[in-house]
Amino acid sequence: MSGTYLGMPAFPTAAASATRDGQLRANLTHATHTIRDKRARAVAELPDWALLREAGAAIKDRTLRHLDGYLERLEAAVTAAGGQVHWAEDAEAANRIVTDLVLATGEREVVKVKSMATQEIGLNAALERAGVRAYETDLAELIVQLGDDLPSHILVPAIHRNRTEIRDIFRERMAEWGRAAPEGLSDRPADLAEAARLHLRQKFLDAKVAVSGANFMVAETGTMVVVESEGNGRMCLTLPETLISVVGIEKVVPSWRDLEVFLQLLPRSSTAERMNPYTSMWTGTTDDDGPRAFHLVLLDNGRTDTLADTVGRQALRCIRCSACLNVCPVYERAGGHAYGSAYPGPIGAILTPQLRGVGSELDASLPYASSLCGACYEVCPVAIDIPEVLVHLRERVVEGGEVTRNGRRVRIRPARGHAAERAAMRAARWTLDHPGVLRAGQRLAGRMRGLQPRRLPGPGRAWTASRDLPPLPAEPFREWWRRTRGEQREAGR
Amino acid sequence: MSARDVVLGRVRRALADVPREETPEQVPVARSYLDSHAPADAVELLAENLADYRALVHRATAAELPGLIAGLLAAREARSVLVPVGLPESWLAAAGGVRRVPDEASATPHALDAVDSVVTGCAVAIAETGTLVLDAGPDQGRRRITLVPDHHICVVRVPEQVVESVPQGLRRLVPERPLTWISGPSATSDIELDRVEGVHGPRRLEVVLLAG
Ligand code: SF4
Chain A
1 MSGTYLGMPA
11 FPTAAASATR
21 DGQLRANLTH
31 ATHTIRDKRA
41 RAVAELPDWA
51 LLREAGAAIK
61 DRTLRHLDGY
71 LERLEAAVTA
81 AGGQVHWAED
91 AEAANRIVTD
101 LVLATGEREV
111 VKVKSMATQE
121 IGLNAALERA
131 GVRAYETDLA
141 ELIVQLGDDL
151 PSHILVPAIH
161 RNRTEIRDIF
171 RERMAEWGRA
181 APEGLSDRPA
191 DLAEAARLHL
201 RQKFLDAKVA
211 VSGANFMVAE
221 TGTMVVVESE
231 GNGRMCLTLP
241 ETLISVVGIE
251 KVVPSWRDLE
261 VFLQLLPRSS
271 TAERMNPYTS
281 MWTGTTDDDG
291 PRAFHLVLLD
301 NGRTDTLADT
311 VGRQALRCIR
321 CSACLNVCPV
331 YERAGGHAYG
341 SAYPGPIGAI
351 LTPQLRGVGS
361 ELDASLPYAS
371 SLCGACYEVC
381 PVAIDIPEVL
391 VHLRERVVEG
401 GEVTRNGRRV
411 RIRPARGHAA
421 ERAAMRAARW
431 TLDHPGVLRA
441 GQRLAGRMRG
451 LQPRRLPGPG
461 RAWTASRDLP
471 PLPAEPFREW
481 WRRTRGEQRE
491 AGR
Chain B
1 MSARDVVLGR
11 VRRALADVPR
21 EETPEQVPVA
31 RSYLDSHAPA
41 DAVELLAENL
51 ADYRALVHRA
61 TAAELPGLIA
71 GLLAAREARS
81 VLVPVGLPES
91 WLAAAGGVRR
101 VPDEASATPH
111 ALDAVDSVVT
121 GCAVAIAETG
131 TLVLDAGPDQ
141 GRRRITLVPD
151 HHICVVRVPE
161 QVVESVPQGL
171 RRLVPERPLT
181 WISGPSATSD
191 IELDRVEGVH
201 GPRRLEVVLL
211 AG
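Line order of the protein sequences matches chains A and B.
Our numbering numbers the first residue of the first sequence as 1 and each following residue consecutively.
Our numbering numbers the first residue of the second sequence as 1 and each following residue consecutively.
Treat each hint with caution, since some may be false.
Computed beta-carbon distance windows for the label pairs [claimed, not checked]: (1) B/Glu89 to A/Ala26: 49 to 59 Å; (2) B/Ala105 to A/Asp100: 21 to 31 Å; (3) B/Ser36 to A/Asp148: 41 to 51 Å; (4) A/Gly184 to B/Ala94: 36 to 46 Å; (5) A/Glu45 to B/Ala62: 31 to 41 Å; (6) A/Ala175 to B/Ser106: 30 to 40 Å; (7) B/Arg172 to A/Gly82: 45 to 55 Å; (8) A/Leu51 to B/Asp52: 17 to 27 Å; (9) B/Asp35 to A/Arg41: 21 to 31 Å; (10) B/Ser90 to A/Glu92: 24 to 34 Å; (11) A/Gly82 to B/Arg157: 28 to 38 Å.
A few chain A residues facing chain B, derived, Cβ under 7 Å [unchecked claim]: (12) Arg129; (13) Leu139; (14) Trp256; (15) Thr279.
Hint data in this document are derived by calculation from the structure and do not stem from the laboratory.
A virtual CB, placed ideally from N, CA and C, is assigned to each residue, including glycine.
Modelling step: build the complete structure from the supplied sequences, incorporating the hints.
Written as structure tokens, this is what we have:
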């Protein structure tokens, strides 16, 4: 089985060890820069990008403000089309529902389409406990699964692995999971992909049950949409007899027409393509074409708690494109694992502490895993103001206050003085150790000088209460760093 | 209380800030984006974008089509071809030596895996994105037949099946049908972001633009 995020250390600790891993950083930097430049070109092709982005944000806001009605509508449409809808208030419930559905088929193996929701709830481990083996079929997820590893990126979960590492994983582990890697497998991407094709094809052809997520669900028609590249999605969605889709309740969109916005925003933002190679859309079941049984599991698991926060609610607009990861200077250096959840990068820094609360040290440290440079907001296709939510969550960590947990209003106490300070100081120290991160942060600090006092109340207070730290020096820190000791160190990085 | 009631109840309580009388339509959605980016020639752009995504693009008249398809199958040394029930007879008229495998619900995935090629029509093609959309119509067959064989030949009637943009494409489609959008052959960029074609879907996608 794959690893787990449970028991991860707080972000600064995890990030600090990740940044010492030169291989990881080299892989990440190469990947994020490549994709970021391509994305900019794909977006520039559409002169109405800003208008599409505005419409995307507005459609999601409309959906969220009337989510109950849309979910009821969706349920009715899916049911009318021959599907069955299940509701899960948390991860445990969702895992139980899926496990029971799988066991009821009499099967002990399932093929899986890459899905953030099932990562989030730890479905594979739950299935394994029930004696069901879940095979990941997305190439990157396969690499992660075979390597007994965790995904580090939303879109390219094995972004932290290079070709040689992947070849070694295939050579060593494929046989345990099915067809072994071919003799003398090289590290050419084409050969590696071919090895994966052969390994997985057996599974696709034999699979009776598949588990997927969905990128969109259309309330009006009951249509589910899965966007992918490799064809593993199509395999899982059409060959097996039973299909179970686990989808967060925020993935609903009101109307068929709304897809015209998201099918333009998503591919260009995520893979920087005009359109991803394959998109599958299905509405319930179709006689003699595709699965005979379709189950939709609607997942809450902290989403309604997030919805209750009028500032943080916007995180539910996210269409998981991963553009924010690729532009984030902190993600680039820390790597995806440091965020300790299925959702890394800037979106993870705001989504995870809302879905899970800020009870653990890791979750409380996530709102600090950012330099507030604002690049994530600029690229976000649904205009989520990530810096705004980060600052909001920092206040929550430090000052406490009313929040919703598991559907109940509760008052959380401020993190104790020293704890707050520790979180802030550790994050700050970590940032100071990483001049590139700080440089990006300083750009924003410069631009947002006026906003600074209002936007950074909590940690600043805890921090300066016991320390003599100037707020924003006249000489930008970056200059000072360069002048004193920065150049050398930075060049050596 | 059922899980459904729990979740819906939580949603309603979470939205206490939304005025009771507000309707969804009152949350404004400005659709001021373009309906199309208005290419000069949609068919040309479709051909260009298909090729850019490494589909192989061919052109034919109705008279040339059977010969072209026979040639494409021969070039791939295809011994068998999957045939949707409603595929026009004439399209395969010249492919004499190739065994026809009808698209049947009873065929197992393993049986499909043993077939070399598949020939289909399409429902709509979108020029701006280089996308073919199949809607399981009689000339396209079940979703799986264009997935399991390694070689897919898709015939697009131009200009009538070509639209300029995604919005225009969606308007032509029926959501209740199972839909497959195809933009180039199967591909992955999961290994150091190097693009590799043909992981699970057909490794070779050939598109015939059929005029007249
Ligand atoms: S927050 Fe925005 S940019 Fe980041 S993954 Fe979600 S939609 Fe994409």
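Consistency of the hints with the structure:
1. B/Glu89 to A/Ala26: 49 to 59 Å: holds, 58 Å
2. B/Ala105 to A/Asp100: 21 to 31 Å: holds, 28 Å
3. B/Ser36 to A/Asp148: 41 to 51 Å: Because 48 Å falls inside the window, the suggested range holds.
4. A/Gly184 to B/Ala94: 36 to 46 Å: Holds, since glycine 184 of chain A and alanine 94 of chain B (Cβ atoms, about 42 Å apart) stay within the stated range.
5. A/Glu45 to B/Ala62: 31 to 41 Å: At 34 Å between Cβs, range holds.
6. A/Ala175 to B/Ser106: 30 to 40 Å: holds, 34 Å
7. B/Arg172 to A/Gly82: 45 to 55 Å: Hint violated: Cβ distance 24 Å, outside 45 to 55 Å.
8. A/Leu51 to B/Asp52: 17 to 27 Å: Since leucine 51 of chain A and aspartate 52 of chain B have Cβ atoms about 25 Å apart, the given range 17 to 27 Å holds.
9. B/Asp35 to A/Arg41: 21 to 31 Å: With a Cβ separation near 23 Å, aspartate 35 of chain B and arginine 41 of chain A satisfy 21 to 31 Å, so the hint holds.
10. B/Ser90 to A/Glu92: 24 to 34 Å: violated, 59 Å
11. A/Gly82 to B/Arg157: 28 to 38 Å: holds, 32 Å
12. Arg129: Arginine 129 of chain A check fails; min Cβ-Cβ to chain B is 21 Å, beyond 7 Å.
13. Leu139: holds, 4 Å
14. Trp256: holds, 5 Å
15. Thr279: holds, 4 Å
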